[in-house]
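Listed in order, the protein sequences are those of chains Y and U. Under my numbering, think of the first position of the first sequence as 1, with each following residue one higher. Under my numbering, think of the first position of the second sequence as 1, with each following residue one higher.
In case anyone wonders, no lab produced these hints; they're calculated from the structure. From the three backbone atoms N, C-alpha and C, an ideal C-beta is built for every residue, glycine too. Wrong hints could be hidden among the right ones.
[What the hints assert, rightly or not] Chain Y is faced by these chain U residues, among others (derived, beta-carbon under 10 Å):
{"no.": "1", "residue": "F205"}
{"no.": "2", "residue": "R206"}
{"no.": "3", "residue": "F211"}
{"no.": "4", "residue": "G215"}
{"no.": "5", "residue": "R218"}
{"no.": "6", "residue": "Y232"}
{"no.": "7", "residue": "R235"}
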Amino acid sequence: MTLGPFLFAAPGALLALLALPILFFIMRATPPAPARTQFPPTRLLEGLRTEEQSRQRAPLWLVLFRMLAAALLILAFARPSLAPSAAESAQGGRTLIVIDDGWTAAPFWSDVRAAAIAAASEAERAQAPVFMLFTAPAARPRDPGEALTAADAKSRIGRLEPQPWRPDRAQAAQRLAQTRGNFDRIIWISDGLNDDGAEALAAELQRRGPVTARLPSQTARTIINGSVTPQGVVAEIRRAPNGGGVTAIAAETLEGRSLGAAEVTFSGDALTASARIDLPPEIAARAARVRLVGEQGAGAVRLLPAGAGRPFVGLVDPGGAGQPLLSELFYVDRALQPYASLRRGSINELIDARAQALILPDASRIAPTDRAALERWLDGGGLLVRFAGPRLANDPDEFIPVRLRPGTRTLGSALAWETPLGIGAFPDDSPYAGVTAPADVSVRRQVLAEPASLAEARVWATLSDNSPLITAQPRGRGLIVLFHISAGPEWSDVPLSGLFVEVLRRTLAFAGRSDGAGEREITGGPYAATRLLDGYGVLAPAPPETAPIAPEAFATAAASPATPPGLYERAGVTSAIDAARADETLTPLTLPEGIARAGLGATIERPLAGWLFGAAAALLALDLFIALMLAGRLPRFARASAAAIGAIVFFGAAEQAHAQNMDDPTQTLRLAYVRTGDARIDRTSQQGLEALSAMLTERTSVEPGPPVAIDLARDDLSVYPFLYWPAPNTPRRLSDQALANLDRYLAIGGMLLVDTRDAGGASGRPAATMLAGVDVPPLELVGTEHVLTRAFYLMRSFPGRVQSPQLWAESAAAASSRDGVAALFIGNGDWAAAWSGDAGVTARQRELSLRFGVNLVMVALTGNYKADQVHVPALLERMGEE
Amino acid sequence: MSSRAHLDALALAGDLPGVLLDARRLAASAPGLHGRRRSGQGEAFWQYRDHRAEDGARLVDWRRSARGERYFVREREREAAQTAWFWLDAEPGFAWSADPARTTKLRRAQTIALALATLLSRGGERVGAYGVAPRAGQRAVDRLAYDFVAPAPSAPPPKRSCVLFFSDFYAPVEEWRTRLAACADAGANGALIMIADPAEEDFPFRGRTLFLEPGGRRELLLGRAETAREEYAERLEAQRRAIRALGNEYGFPALLHRTDHGAAPTLALLIALLSERFA
Chain Y
1 MTLGPFLFAA
11 PGALLALLAL
21 PILFFIMRAT
31 PPAPARTQFP
41 PTRLLEGLRT
51 EEQSRQRAPL
61 WLVLFRMLAA
71 ALLILAFARP
81 SLAPSAAESA
91 QGGRTLIVID
101 DGWTAAPFWS
111 DVRAAAIAAA
121 SEAERAQAPV
131 FMLFTAPAAR
141 PRDPGEALTA
151 ADAKSRIGRL
161 EPQPWRPDRA
171 QAAQRLAQTR
181 GNFDRIIWIS
191 DGLNDDGAEA
201 LAAELQRRGP
211 VTARLPSQTA
221 RTIINGSVTP
231 QGVVAEIRRA
241 PNGGGVTAIA
251 AETLEGRSLG
261 AAEVTFSGDA
271 LTASARIDLP
281 PEIAARAARV
291 RLVGEQGAGA
301 VRLLPAGAGR
311 PFVGLVDPGG
321 AGQPLLSELF
331 YVDRALQPYA
341 SLRRGSINEL
351 IDARAQALIL
361 PDASRIAPTD
371 RAALERWLDG
381 GGLLVRFAGP
391 RLANDPDEFI
401 PVRLRPGTRT
411 LGSALAWETP
421 LGIGAFPDDS
431 PYAGVTAPAD
441 VSVRRQVLAE
451 PASLAEARVW
461 ATLSDNSPLI
471 TAQPRGRGLI
481 VLFHISAGPE
491 WSDVPLSGLF
501 VEVLRRTLAF
511 AGRSDGAGER
521 EITGGPYAAT
531 RLLDGYGVLA
541 PAPPETAPIA
551 PEAFATAAAS
561 PATPPGLYER
571 AGVTSAIDAA
581 RADETLTPLT
591 LPEGIARAGL
601 GATIERPLAG
611 WLFGAAAALL
621 ALDLFIALML
631 AGRLPRFARA
641 SAAAIGAIVF
651 FGAAEQAHAQ
661 NMDDPTQTLR
671 LAYVRTGDAR
681 IDRTSQQGLE
691 ALSAMLTERT
701 SVEPGPPVAI
711 DLARDDLSVY
721 PFLYWPAPNT
731 PRRLSDQALA
741 NLDRYLAIGG
751 MLLVDTRDAG
761 GASGRPAATM
771 LAGVDVPPLE
781 LVGTEHVLTR
791 AFYLMRSFPG
801 RVQSPQLWAE
811 SAAAASSRDG
821 VAALFIGNGD
831 WAAAWSGDAG
841 VTARQRELSL
851 RFGVNLVMVA
861 LTGNYKADQV
871 HVPALLERMG
881 EE
Chain U
1 MSSRAHLDAL
11 ALAGDLPGVL
21 LDARRLAASA
31 PGLHGRRRSG
41 QGEAFWQYRD
51 HRAEDGARLV
61 DWRRSARGER
71 YFVREREREA
81 AQTAWFWLDA
91 EPGFAWSADP
101 ARTTKLRRAQ
111 TIALALATLL
121 SRGGERVGAY
131 GVAPRAGQRA
141 VDRLAYDFVA
151 PAPSAPPPKR
161 SCVLFFSDFY
171 APVEEWRTRL
181 AACADAGANG
191 ALIMIADPAE
201 EDFPFRGRTL
211 FLEPGGRREL
221 LLGRAETARE
231 EYAERLEAQR
241 RAIRALGNEY
251 GFPALLHRTD
261 HGAAPTLALL
271 IALLSERFA
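Okay, chain U solo, but in the shape it has when bound (with noise of 0.2 Å):
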């Protein structure tokens, strides 16, 4: 871990507790993940069935089946633990915000996040950080939020599980394809959250304006700032279109969020599209 990353992920793991207990509260006002609803391999009861000729007479439940006439079959509920991995964007762009009084948009994303890991955990999935192995339980969360602090290492796209991509998706088209088309490859598919400062969604600069790009690889400075606005916006719609479509090529329908809005709505759409996914 280079110094600069360690020093930025200290102070970050300042606020984790900040970030955690905004999780839990989020979580806790979410309508929640259900069951599978479905007989197969587990510990809970699901049901009674008849017995059917091809099921032997080793499944019998013997106890059930002595009270009637029938014979019937003790069925479980399917509990088939899955996997859901958080990739978070790391730009210095993505921890910003026009407003110091508002969020950055890294810390909403972590927010989000960790209230529908939560939310995942307790439905007994298991959660990670992208690349790293994931876990189950009561710590998976909190391990999961020590995990966003630290950079993420490069990591091959995990095989058939869900992947949530948290970022603000500035980053070309091209870069997104590779990445998602690697996870499609691999079998996994999952969610875009598209997280938006609503300054970058309304551009309200005015006048002589040099604009920065946080990392300071770009710059670019504008005699007339709000004479730009329809321009950018129409660029910015064309880059959420592709990112949109993208996403719906291999399987990750995209959501936008913007910060200056409640996390809970986005997360009752994450939670939504998941239970379609992990049902």
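With the rest of the complex left out, here is chain Y (with noise of 0.2 Å):
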């Protein structure tokens, strides 16, 4: 049912209003309840009557207010929902859906998603079956002629996200062409783009039914081009006559950092503008891709796939071991680590390394076998970076840019006229322009181009005399650029001067982006994927079914369900295919007669049920509080509600952290044994360290926690200073869990006290099975000299339930690294048995007992602080004589 822009989907609900004025009465007959309190002379006031029954009846306004919150229930039980054009556009029949979901629908894909979803509401409400036409090529295309529920259709198109590749009218024609049937409504929901196939397209779907196409206000726009150059990111961007007129441009790295940005205005009616983001070389090579700031389509990004990294320079060694500062390659190194990924080598093994630079020392020389591997590798794209040298100076070859006049020229030396010489200020159209030479660096010894012969090369930098410096000449795709001085400080001062860093870097800008950048022509299988732009322009990692593509193919790929655009990987070199071409056109949709027009803003049904529902919760929470204000009891409500609050956070905190305390071995220290699953023996052993416990807090400061017992090879036992091990019935050998951890326990200062228990009959020696694996260190027999015997109590023995047990502890040689405090600790004596008062032990044995308990922890603990009283006889007697 449809009310004014109103659509109610439960209208029965609606009849419920009728009862309103029931309620009104119901709900003024009824009065608040009186706010209670205590008030001992009631008696007083006994028989009093007030003459006004104030409230006797609910206020006017609470009533209403109560209805107010009632009328919004009933309302929302009702289902109402705003839908602006639901009155004249509930009209029904087959409905046939067409989305040119393509990269060029991308920026308003939200806009088609609604309007698509908006066309199927119209379709349920009329319960007809919802056609859907899609007309970006897909892998598996959905046959137009599959009628669906409108529900169905709603989950796919909430499913549906644009291509990253123009429609195919032409094949979305020829799709619907094979289905059958006529459609009462066709919703065309277009980029507003022309193609070839738009023709096409609009004809077979004026054949099929009416025809309402939803053109967006803006079509999309794109980057047709982009490149990396010394200077910075240029990018040239191609819109619609009914494009927008200004966008930004943003240069990222790989990652997705942004680098740069600029903005771009089509001057008047332009449908191309270019724009340039100002970098310095060196950051403009870290560009991955440009992109359109603001506007989401895989048209809107642009790829520059040399960008991507840090560039590969190969450091070509000239081999032999000499003093690493006189070394040429030494400074440029120093000079390249941190901008580039350096790698030494011969020739040959750097160019198959795939390495985008080569950097060619003096002392390296161009062996006659590499000759056709560089000459291939120069056509390709490399970029080879050349010092001279005495070797070049008497004997260039030709990858040189300029032909050398034999010798060198030396400035400043005993027999010369001239004096060494500064660098001249950078040419404009030289890479390094803008660089300002430091004054201090001085040029003694060059090598001099022919005069006739820079003509055909570049001249990137220049001595203060003009005599070229730094000279270039493209090679095939690539590039050639000498330094005309040595690597190495012998020749100049540049190797030593920050210069030398700045113009290295921006020589390397060029690395693998020299003319031909990213093409070169190395053998190879097909290219591989590894990131896919989805039609939002996102890359992300290429999913494993990615078909590889043909070399062939690949050169004159464009973005199809095929060769998806993103970014391929070839023997190490990354290419991309880009969305749009260079060549991509963008121009208006031209529409036949008859084909109705509507913009794509339009809204979409909002279902209002949830927002009157929340709103009439909140009148309702806002009655109770209204109530409780006329019943006088709110203050006391509030402050009674802040103070339970806050005593159960007080209560459960101080609880908590009680709680956790007592457990937590990290603060309460805690004695431990371990379990040994003889349930007997772990009954003993606990309630022996419970009784050893208890001692321990009457008599000394220790005051441990419960005891615990442990499993070796799962707790953590860093946490227990002392660990009590009585031997099982039958021992058994320890996993290697168990025996890591032990170990780590020993040598990390634990202490450990191994109780054999002389369990009467037990096999031989119980504490070498239980050992077995441990590394236990030497030990000897624990005389009265041992700190054992002075820790606490003064003691010459160490009973447990046997009388006189031996106890045998880790030597002190052997503990030296710990101060010669033992960790392990060997006996028979049952101290566990003795210390909870087992049968068959006397008070004044268990007395004594405890009382080597109690030293015992006080060694685990204090180490030999007492081992002083050693001395103490000696002492004594020393004092005594004098």
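Dock chain to chain to rebuild the complex, using the hints, since each chain is given by itself in its own frame.
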């Protein structure tokens, strides 16, 4: 049912509105609850009547307020929705929704989706089947003849994402032509751009039913060209005549960090504009893509594959071990380390490793066998940086940008007129333009170019007398750069100055992207996708099933389902297929007569029930407060609840904190014993350690928490300073994990008491079995001089259940790393039994045994602190003598 | 002792040290009761006076008389220990305060009673809770404090002693008449200390209010509580007048104390009243 712009899904609920007047009288007759108060002299009030019985009835405003809440609830149950066009477009019949789902629709994709859902909703109200036709080609195109319920259609639209290529409407028209039947309504949600098939599709649609085209107000724009130059990132942007006139581009690294941005303005009616993001060459070299700011769509992104990372530079190693500071490559290495991935090797090795640039010092010669490979590599776009030196001066080869005059020019030597020269200002067309050479950098020796050959080469830097210092010449797609000085400090100060770093970095901006960037001919298999663009222009890792592309096809590939746009890799070199071709044309869609046009920004119906329920709930909550207020209980209520919450929080926290303290062995010292698995032994250990803990608490300042049973293999032992390990009746070897744990425990300074318990019939040497695999240090019998005899109580023996047991300890020599404090004690006293007051132990024996336990814990906690007393008799004797 | 009363007593006992402390502080600031200041049976020296013929030779203080020409008689200060009984209202409405932050009437009554008891026992009098054997000496006050906590057994009025009634006196006047008459018949007198909460005095209630008597016996719903204020004030005044008249009739002068006021002035008034009685 519709009511103006409102649509009610359950209009029956509106009948409940009729009950509102009845509700009014009921509520009016019910007075609010009185305030309750205790009052001792109530007897004095007895018989009192106040004249006016105020609020016998609820106040009118309160009743109206509650009525409003009730009305909202009723309206909400009627499930209304706001649909401005509900009345006019609630027409139905077989509906065909055509969606241009290429990247050209991505900038306004939410509108596309909203329009499609609106169309499906209309069909839903008419209970008509929905058919869908997507114009962008897909790997498995949907059959437009498949009838969907509106709900299915909606969920399919909800999952629909734009494709990273443009629609192919001719093919869509073909697919539609293969289906039968006419439609009562055709909604064409278009990207607003024309293509070759638009006419065919329009004709086919018109043949099948009345068509409404939903067109966006502004069509998509695209970057048709992007490149990295030493001056920055340059991009060319194209629009349709109805595309927006102002935008901005931004250069990003592979990780998506923005490097810089520039504004783009289309002048007048121009359809193409270009812009440059000014960046220093070394930053520009890191640009991996350029995108239109604020516009989503695969076409709004241009990939710049060669900039994806640090250039890989090969240093051609002359071999031989020289003085490092005199090695030519040392300076280059230090200069480029932060900016490039460097690798040393021979020319062949480095070319095989796909070096983007080679640096060739004078000492490294180009062997005749390397020539062919180097030539090929240069043709493919390599950057060769050479340094002059005595060898080059006397015997130049052909891999130099200029012809050299034999010999060198020496400036400032004893036999020369000329003094060392500074470096001249860099020419404007040089990549080093803008760098200022330090005045104290001078050149003492250089190789000179034949003036005639300079015409073919580019001079990037000169000395102050205009003689060339750095020259460059393209070779194939590659570039050769020659420094007319040596790479070391013998000929000039340049390698010692910051200028060297700057110049080399700027030179490397050409690595792998001089004229034919990224398209080097390198033998290898097909192009494999690494990261693919989605329709919105986001790079995502390529799904593994993406088919590789043959090199022949790759050169001409345009974005399509078979060749999706994105980054591809072949033989270590990254290349890209972009969503938009370099000659992409964007023209507005022309529609034949008879097709109705509508904007895309239309609203769809908005369900209101949720809001109404929310509002009603809020009103009811408010009503509770009003009721409390009228009853005069609000302040007390608030105070009491605050107090209650405070109390709960406080006591809860205190309780928790307390519990945590007792259980946390890092907060409270706890004695530990190894769980043997034998319930009787474990119980004895538990009771024994409890008794010992109680004794400690009573007599010493050590106040341990309850003892804890631990599993050697699993528990973290490091928090327990003392570990008691009674021998089980049948000792077993420890698991590897437990061994490692125990070894670590002993190493970090824990104390372990192994108690063989002298269980009588127990086989041979239980301790040997128990400790098999543990790194057991040398042991010594604990004598009367041991710190254990005086750590707290003075003791001569260490009785347990066994009257005079043997007790062995790690020898002081072995424990020297721990200042002589033994980590391991082994004995047969069955102490836990004595501590727990086992039958057959006299009170005296138990007392002595507990004293031993106290001493043991003291040693565990204080180490050899009391060992000093060992010397007391001697000291006393000496004092007596004096 | 019923379990409920027992619980109440325990709850209150938790506060006893506080009450005792309040009382001690209060007693320390009070002017105090003096000795009897007349000669009589006692230990302390009071005065020498001239020997009179009827005294006989036995009473002559020979040591003093030897220093002069005349005979002297040594008189001692009269020490007649009296007993002060404290009666605290056990109604649930008495242990009530309109504002939880304010002390209850009962607690204030205990404070004043214990402070007074401290002063009295310092003066050598015996103090006791009504119905419990009175005591003298240092521990008497502590004992009294504990007796306050236990519900008082009903006991016959003590003979010829001082009974101090602490209550809000909202019970019907007839009830008080029987109680006071019984005391007067036994020769006792004392004072009535009417302790009131400010809410009971000022009646600050507004709007539709349900008044509940603590203990849950009566309840009353007023449509507009503020309109009942004057009527209530009149009735309260009438009740107070009746109680005062009753007290005067039987020798129990009445004092009014509000719990939002300090306890010291009331204690001073009480002391003034009692120092006559105990003089």
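For each hint, the structure was consulted:
no.: 1; hint: F205; result: holds, 6 Å
no.: 2; hint: R206; result: holds, 8 Å
no.: 3; hint: F211; result: holds, 4 Å
no.: 4; hint: G215; result: holds, 9 Å
no.: 5; hint: R218; result: holds, 5 Å
no.: 6; hint: Y232; result: holds, 6 Å
no.: 7; hint: R235; result: holds, 5 Å
Consistency note: the structure conflicts with none of the earlier hints.
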